[in-house]
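Asker: Since chain V is already given, all that's left is putting chain F on it; use the hints.
Protein chains: 2
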Amino acid sequence: MSDNKNFHMTPDDFRKYGRAVVDWIADYYERIESFPVLSQVKPGQTRGLLPSEPPALGEAFESILKDVDNLIIPGLTHWQSPNFFAFFPANASGPAILGELLSAGLGIQGMLWSTSPACTELETHVLDWLVDMLGLPTKFKSDAAGGGVIQDSASSASLCALLAARERATEYGSNQQGCDGRLVAYASTQTHSSVEKAVKIAGLGSQNLRLIRVDDRFALRPDDLVKQIKQDRQDGLIPCFVCATVGTTSSNAMDPLSEIGGICREEGLWLHVDGAMSGTAALCPEYRYMHDGMELADSYCFNPHKWMFTNFDCDCFYVADREILIKTLSVLPEYLRNKATESGAVIDYRDWHIPLGRRFRSLKLWFVIRYYGVEGLRYHIRRHVELAQNFARWIGETDRFELVAPAPLNLVCFRHLGGDTFNQQLLDRLNQSGNIYLTHTTLNNKYVLRFCVGQTHTEEHHVYQAWRQIQETAKELEKSDLR
Amino acid sequence: MSDNKNFHMTPDDFRKYGRAVVDWIADYYERIESFPVLSQVKPGQTRGLLPSEPPALGEAFESILKDVDNLIIPGLTHWQSPNFFAFFPANASGPAILGELLSAGLGIQGMLWSTSPACTELETHVLDWLVDMLGLPTKFKSDAAGGGVIQDSASSASLCALLAARERATEYGSNQQGCDGRLVAYASTQTHSSVEKAVKIAGLGSQNLRLIRVDDRFALRPDDLVKQIKQDRQDGLIPCFVCATVGTTSSNAMDPLSEIGGICREEGLWLHVDGAMSGTAALCPEYRYMHDGMELADSYCFNPHKWMFTNFDCDCFYVADREILIKTLSVLPEYLRNKATESGAVIDYRDWHIPLGRRFRSLKLWFVIRYYGVEGLRYHIRRHVELAQNFARWIGETDRFELVAPAPLNLVCFRHLGGDTFNQQLLDRLNQSGNIYLTHTTLNNKYVLRFCVGQTHTEEHHVYQAWRQIQETAKELEKSDLR
Chain V
16 MSDNKNFHMT PDDFRKYGRA VVDWIADYYE RIESFPVLSQ VKPGQTRGLL
66 PSEPPALGEA FESILKDVDN LIIPGLTHWQ SPNFFAFFPA NASGPAILGE
116 LLSAGLGIQG MLWSTSPACT ELETHVLDWL VDMLGLPTKF KSDAAGGGVI
166 QDSASSASLC ALLAARERAT EYGSNQQGCD GRLVAYASTQ THSSVEKAVK
216 IAGLGSQNLR LIRVDDRFAL RPDDLVKQIK QDRQDGLIPC FVCATVGTTS
266 SNAMDPLSEI GGICREEGLW LHVDGAMSGT AALCPEYRYM HDGMELADSY
316 CFNPHKWMFT NFDCDCFYVA DREILIKTLS VLPEYLRNKA TESGAVIDYR
366 DWHIPLGRRF RSLKLWFVIR YYGVEGLRYH IRRHVELAQN FARWIGETDR
416 FELVAPAPLN LVCFRHLGGD TFNQQLLDRL NQSGNIYLTH TTLNNKYVLR
466 FCVGQTHTEE HHVYQAWRQI QETAKELEKS DLR
Chain F
16 MSDNKNFHMT PDDFRKYGRA VVDWIADYYE RIESFPVLSQ VKPGQTRGLL
66 PSEPPALGEA FESILKDVDN LIIPGLTHWQ SPNFFAFFPA NASGPAILGE
116 LLSAGLGIQG MLWSTSPACT ELETHVLDWL VDMLGLPTKF KSDAAGGGVI
166 QDSASSASLC ALLAARERAT EYGSNQQGCD GRLVAYASTQ THSSVEKAVK
216 IAGLGSQNLR LIRVDDRFAL RPDDLVKQIK QDRQDGLIPC FVCATVGTTS
266 SNAMDPLSEI GGICREEGLW LHVDGAMSGT AALCPEYRYM HDGMELADSY
316 CFNPHKWMFT NFDCDCFYVA DREILIKTLS VLPEYLRNKA TESGAVIDYR
366 DWHIPLGRRF RSLKLWFVIR YYGVEGLRYH IRRHVELAQN FARWIGETDR
416 FELVAPAPLN LVCFRHLGGD TFNQQLLDRL NQSGNIYLTH TTLNNKYVLR
466 FCVGQTHTEE HHVYQAWRQI QETAKELEKS DLR
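For the record, the sequence lines run as chains V and F. Quick note on the working numbering: the first sequence kicks off at 16 and runs consecutively. Quick note on the working numbering: the second sequence kicks off at 16 and runs consecutively.
The reader is advised that the hints may include incorrect statements.
List time: in silico SDA-like cross-link candidates among lysine to any residue, alpha-carbon distance up to 25 Å [claimed, not checked]:
#, chain 1, residue 1, chain 2, residue 2
1, V, Lys57, F, Lys156
2, V, Lys154, F, Leu64
3, V, Lys354, F, Ile88
4, F, Lys20, V, Arg46
5, V, Lys354, F, Leu64
6, F, Lys156, V, Leu86
7, V, Lys57, F, Asn353
8, V, Lys20, V, Glu68
9, F, Lys354, V, Val56
10, V, Lys57, F, Glu349
11, V, Lys156, F, Val56
12, V, Lys20, F, Ala41
13, V, Lys354, F, Gly434
14, F, Lys31, V, Glu77
15, F, Lys156, V, Pro66
If you are wondering where the hints come from, they were derived from the structure by calculation, not from laboratory data.
Pulled out of the complex, with its shape left as it was, chain V reads as follows (with noise of 0.2 Å):
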């Protein structure tokens, strides 16, 4: 509620309110350890706390604040808790939070280039910044024939990544007749979800989408591939798109790009390259080996908004080749028309992702990378991937828990030999007692337990307790088996 007659916050409120919000987030990061990590409400708690009519007049910010502690954050799963440990990090910083503090203050939109330059060229040059700065084929970069688009997310990526697979493949027809059931998508057992329900969006049909075999690391099977291919030719089909990971989700694996990528190129299929995650790692010389076979890819992907300190959403989406993209997703109304679009001399990102509007989120990565600098970002990636091999060596050096896939970085997969029933049960206690957050998956039809660090600020001694914890809380399900 303002005082303005006119119901608006004035300057001064939104001064004041403002350092409210920011000391209040300062205050929850003093005190995050303090939560359970996996909220514990139950179904519809969260809702029967809050009114159930919107408000007729304006109500204090003070009091809006306050329902934040007292309606929300029992609600909340705390993924910036340094003992989050579940899925892949969400991670966030200082500098990011501030950078989408500023982008939501300006309120400007990016769909056009004359929208406002500024949005379209520090994105534009940031991504081109994160191509040597991860050591990415110059190719993606804008200079060259390619170039960067900040998308949503990975899943969005792979999305748009296909849907040029599609138009190159058909030449443009997709688009212009419909699809007609023949095309084919390619990517192994481990590929993240998201190629599936992009492959149901774009219209090829799962049924279209090859999952091919994985190697004992987990790893799609180059021979399998071709294998693959070759039948789908052979059964009049057109395959047209293969997708690679590096780092899947469920044990990050590293998909072979330099033969699969050969083989792509033999073929003629769009290859994508999925690095959601890991792809942050080659900001570290030594951990560039995963990209080996990169120069062969159409499009990449990878996600700071997951291990680069750069709050949700920001995916790094490049291509090799724009006009491609720009060809499958332009349409240019009346309404959108304008000199500097007409010009050709710049880039219009409304036709590089789904959504028109834009926000503008290369603000908070440039501050990232600004705010760290290269070699404080390569500083915490190091610092994660020893947390994680750390723990991995704890896991090798008990007789009671197993690696169940190879570790290369920050994710450690692993079981206690008690079996399926017993490691479900060890991640409920886990997850329940509040303290720490883990989450699980399946390889080889087992149960197995997720370990990734890569919260900003999970340190040693949050690793060692929650390695501590889950020996403790074995050991008593290890008894409580024996009555």
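Answerer: Chain F in isolation, oriented as in the chain V frame:
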């Protein structure tokens, strides 16, 4: 650059720099009218100021913020300026900006109920509130068979509606076998270009999008729609989807929902209603006539990020039957399985849109509704409409300008009688002045200026000054034409 040995921003520095950014934003709004509304930089100008290499070592936050002033501001088109009358607005407000800040600070992921129950439940709750606030059919509420979800944009919402329509029409066969080129979608010549984009993305093909003719108010002609559907059926095609618009982008035309809805029911087609900007007007009972027939719609969307003081992105998308949407978009890999999902007692919003990850966007919407109250929001909608209606009246009172379309709400389409080139030159001069920003469209093959009132801080004197400048600039142009 942090003083911290681990490169992170310390809590104290976060408080300090957070205040600096809050104050920066407050200052920005106080000086926003001193900037040219439309950025006057040339292509490449912003990039030319940026260093070609990212910094190896972190930099001081102060110098980053200073660069926002020096490098970024000149490259912005100021969407939050009260003199912004272009496109549709993308208005923001103090409570929305602070809600976005809080969301960034919390940094949680709302992809599953379990990954932060409050994120899901607050969203469901606030979107239920909005059904009542807008007088929408109660079937869109979560306690009926429907429900609402926040999407990034009306583009994405339309795509999801089309996908659900596609799957309903093919009994989920398109998801499985892929599209076969026989599905047909319908819109009008005035429908937003995102529907054409969606038809391409979804594999229907743009040849299978019928752009139905409009009447002299630029509204879709139901008689033509019926004829086209019959023709398509005769041709062995499968009509599946109609997009009707409440407030088209070009001219704010209102498609007749009742008649279109009747046809859709008769023919078994999915009716999606796009109320991107104008939908907000339904906060005021006197404008709800435009929603007559909404009870026949299968889905609906409107954008609080356009005209409801909630910074982008915040599109509210409703479906009458959530099961169809969920069945269309759901994929469930092992690593996302959890007890809450399997209980069926919760909503997992990842199945309601394209991306997997999602921000806590309902926070800012909740902040806005609570801070303004329903009456505060209504006050501004009525005020904007009144200001636009004044402008339309002034146009009608001159002998040099004409109204080119009905102006039911806050958008006025007009032109000078001097012809297309004259109007183009007029627009260029106005925008180059930096004082105001308008955009154009074409209606009945004529070049038309659009004047949309919806910016948060636009007052009577801004509209009056704009009108004076339009008249004066036209007079200057008339004189130079005579020379």
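Asker: Each hint: holds or not?
Answerer: Checked hints:
1. V:Lys57 with F:Lys156: holds, 21 Å
2. V:Lys154 with F:Leu64: At roughly 23 Å apart (the allowed maximum being 25 Å), F:Leu64 and V:Lys154 satisfy the hint.
3. V:Lys354 with F:Ile88: holds, 21 Å
4. F:Lys20 with V:Arg46: holds, 21 Å
5. V:Lys354 with F:Leu64: holds, 23 Å
6. F:Lys156 with V:Leu86: holds, 22 Å
7. V:Lys57 with F:Asn353: holds, 14 Å
8. V:Lys20 with V:Glu68: OK: V:Lys20 and V:Glu68 at ~24 Å, within 25 Å.
9. F:Lys354 with V:Val56: holds, 13 Å
10. V:Lys57 with F:Glu349: Distance of about 22 Å is within 25 Å: holds.
11. V:Lys156 with F:Val56: At roughly 23 Å apart (the allowed maximum being 25 Å), F:Val56 and V:Lys156 satisfy the hint.
12. V:Lys20 with F:Ala41: With a Cα-Cα distance of about 19 Å, the restraint between V:Lys20 and F:Ala41 holds, given a limit of 25 Å.
13. V:Lys354 with F:Gly434: Cα-Cα ~19 Å, so holds.
14. F:Lys31 with V:Glu77: Status holds; Cα separation ~21 Å.
15. F:Lys156 with V:Pro66: holds, 15 Å
Hint compliance for this structure: every hint is met.
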